[in-house]
Amino acid sequence: MTYLLRRLAFYLVAAWVAVTANFFIPRAVPGNAVQAIMSKFPGQLTPAAFDAITAMLGVGHQGSLWHQYVTYLNDTAHFNFGVSVSQFPTPVSTVLGAALPYTLVLVGVATVIAFFIGTALGVLAGWRAGGWLDRSLPSLMFVQAIPYFFLALLVVEVFAVTLSWFPPGGGFDGQNYSPGWNWGFISSALDHAILPAFTIVVTSVAGWMLQMRNVMVTTVGEDYVIAAQAKGLSDRRIIVTYAARNALLPQLQGFGLALGFVVSGALVMEIVFSYPGIGLLLVNAVQGTDYPLMQAIFLVITFAVLIANLVIDLILVLFDPRVRAREAN
Amino acid sequence: MKALASLWRRLPGTARAGVVLLGLFVLAAIIGPQVIPYDPNAVTPLTLKPPSAAHLLGTTQTGQDVLSQLLVGIRLTLELGLYVGVLATALSVLVGVTAAFLGGVWDDFLSLLCNVFLVIPALPLLIVMLGYFPQKGQLPSILVLSILGWAWGARVIRAQALTIRNRDFVAASRETGERGWRIILFEIIPNIVSLIAASFVNTVLYAIGASVALAFIGVADVSSWSLGTILYWSQSANSLQLGAWWWFVPPGLAVALIGTGLVLLNTGIDELSNPRLRDARSSTKIAGRRIWPTDPTPVLGMPKVTTRGRLATLAHSFSRSSLLDAPGGEF
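Chains as they are written, first to last, in this note's numbering: chain A, 1 to 329; chain B, 1 to 331.
Honestly, I wouldn't trust all of these hints.
Said to hold, decoys possible - Straight-line C-alpha distance at most 25 Å; calculated SDA-like pairs for lysine to any residue:
#, chain 1, residue 1, chain 2, residue 2
1, B, K49, A, L163
2, B, K49, A, V161
3, B, K49, A, T162
4, B, K49, A, V158
5, B, K49, A, A160
6, B, K49, A, E157
7, B, K49, B, V35
8, B, K2, B, W245
9, B, K2, B, I189
10, B, K49, A, L154
11, B, K49, A, V155
Unchecked claim - These stretches of chain A come out as covered by chain B in the derived footprint (C-beta under 8 Å, 3 or more residues):
#, stretch
12, 184–198
13, 295–302
Claimed, not checked - Short, incomplete list of chain A residues facing chain B, as computed with Cβ under 8 Å:
#, residue
14, Q144
15, A145
16, V155
17, L257
18, Q287
19, L306
20, I307
Because the hints were derived from the structure by calculation, they are not lab data.
All residues carry an ideal CB built from backbone N, CA and C; glycine is no exception.
Model the full structure from these sequences, guided by the hints.
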């Protein structure tokens, strides 16, 4: 239990750092953010909106910095992120709630699929290092080095524009369906998610594969694998229960650390597909100087990654007897 | 020069390919801006022309020459990668070595800081920070990318510096009364040079990827030509729908090739410092059978019995003993 508690404490600290950075960044940058917003929407902002923005950014005289900070923490804890400027007067939490499911399902499912495929390929490449699969790694590195959004551009060009197998963008067919739990909407949403998911899988598979291959190569050289070979166990059994099982643990830990990068890449990719998720929302918020929305999105993404990491830690405790043993001490 | 030549010989083939690939782009970055055929900003009436003899990579929607933009853009992107690489790696070394050398509470604090920076997704934070900065020039991007890019390197460097700190030669120099900074500079750092090199290459890779993505979504300065800003303008002019592939394919391809070069170089550095990864590639064919270094010494002239099969009969006699206890529990 102590291990999990320590991890939990760490994620709480990380969340606190993110929340605090979010509070201080707008107060630390040169220039007046409120003026920037005002000049963006000349004559469109009501006095109420102006007050909401100044309170949010802490530019007006709203008590001491400490007082502002405590108020801000309290608001954040209640998911009260203020009011969106670009979609005034919709609360930020409502705008977020509409976009979040798209990103969670798309990025979540695609990342897990890519992780499984990449890990399986990495096991095979590492088992026979120097074999054909292993020798194909340099070309896979090229695929991995392609920016997410650029591959997305090519995918749209080939599969949506030229072949028109799939819709070129959007989250669902808005003319015929409205969001809800009905088959028509779900199948339309799936149809629109296939190309973005394909892009995420293709660009991130090589990374997982390379990482797993390197751990696997080290594991295959361990004495217990040679001993298993000496006993005459089948290759399949050695790979699955001896080598891969042990190589999987560092791979899972790496999964947690790399998650932030994968999510970041997927966010930019959403723009190419005009996918109505968090990434598109974030970029629109930046271009519309919608600071309250921008900050809330950053917090939501960070919390999602932290929670995913906590889940991975739980899985590690389940899978790795060494972590459990450390815990017992 | 001689040391460089011997290093080149020891590099695996993939890493050499990476060096050559990167070298081509560095060359393009150095001489490119001097030999560009047109001013990349010059607007001409020749709009959206496919590649031709006059415009080798065609023109944009405002009649600008794509090749000229590309050559200038490669330089700006590589420069940014270099600056961020140097700044962030310096931070990594500073934090990593300090944490390992001081130990105790300082180590705990710096490691915590490192892990927090690692777990917070960088790109959204970058976007938020750059969203507040006035978008003038490359400096905000370089600073923000450096501030968020040091954590991974620091973590790896700390781990290695920690093991070196506990070696005998460091203890000996401490006993002889050497000062702390001298031990760090002359005993610890020379032993982690390959790690610093690897973390530099990684940081450059991250900086180029992130800066191109930031420019593409328009939060960086889009008034000067980098690979990302070319993609930004081509996307905002709907070059995809217009079928102007010559506008967005070259810059994207350039980013991918630079990235490939950096990854290849890094696997080379990895293999130089980790013999197991290096040996893994050195299989040879003996009498028609592929032999890996981890396999037992092959006995020629017994083609019917496979290595594994013979090993199995050999091991059969003592397989009941608990000597070969392995995870998996097969006995």
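A quick look at each hint next to the structure:
A distance of roughly 24 Å separates the Cα atoms of K49 of chain B and L163 of chain A; the hinted pair therefore holds under the 25 Å criterion. This hinted pair checks out: K49 of chain B and V161 of chain A have alpha carbons roughly 20 Å apart, not beyond 25 Å. Distance restraint check for K49 of chain B and T162 of chain A: the Cα-Cα separation of roughly 20 Å lies within the 25 Å cut-off, and the hinted pair is therefore satisfied. Between K49 of chain B and V158 of chain A, the direct Cα distance comes to roughly 21 Å. Compliance with the 25 Å bound is thereby established for this hinted pair.
Distance hint between K49 of chain B and A160 of chain A is fulfilled; the C-alpha atoms sit about 24 Å from each other, no more than 25 Å. Straight-line distance between C-alpha atoms of K49 of chain B and E157 of chain A comes to about 19 Å, which keeps the hinted pair within the 25 Å bound. Pair hint K49 of chain B plus V35 of chain B holds up; C-alpha atoms about 21 Å apart against a cutoff of 25 Å. For the hint linking K2 of chain B to W245 of chain B, the alpha-carbon distance of about 45 Å lies beyond 25 Å, and the restraint is violated.
Pair hint K2 of chain B plus I189 of chain B holds up; C-alpha atoms about 23 Å apart against a cutoff of 25 Å. Between the alpha carbons of K49 of chain B and L154 of chain A the distance comes to roughly 20 Å, so the proposed pair stays at or under 25 Å and holds. With a C-alpha separation of about 23 Å, the suggested pair K49 of chain B and V155 of chain A falls inside the 25 Å cut-off, and the hint holds. Coverage of a stretch by a chain is defined here by at least three residues with a beta carbon nearer than 8 Å to that chain's beta carbons; for the stretch 184–198 of chain A and chain B the count is 0, and the condition is violated.
Remark: the stretch 295–302 of chain A is confirmed as covered by chain B, as 5 of its residues place a Cβ nearer than 8 Å to a Cβ of that chain, reaching the required three. Annotation: Q144 of chain A was flagged as interfacial toward chain B, and the flag holds, the nearest CB pair being 7 Å apart, inside 8 Å. A hinted interface residue such as A145 of chain A counts as satisfied when its beta carbon comes closer than 8 Å to some beta carbon of chain B; here the least separation is about 3 Å, so the hint holds. At a threshold of 8 Å, the smallest CB-CB gap from V155 of chain A to chain B is about 11 Å, leaving the interface hint violated.
With 8 Å as the threshold, the beta carbon of L257 of chain A comes within range of chain B, its nearest partner Cβ sitting at about 6 Å, so the hint holds. With a cut of 8 Å, the hint placing Q287 of chain A at the interface with chain B holds, because the nearest CB-to-CB distance is about 6 Å. The interface hint given for L306 of chain A holds, since its Cβ lies 6 Å from the closest Cβ of chain B, which is under the 8 Å cut-off. With a least beta-carbon distance of about 11 Å to chain B, the hint placing I307 of chain A at the interface is violated under the 8 Å criterion.
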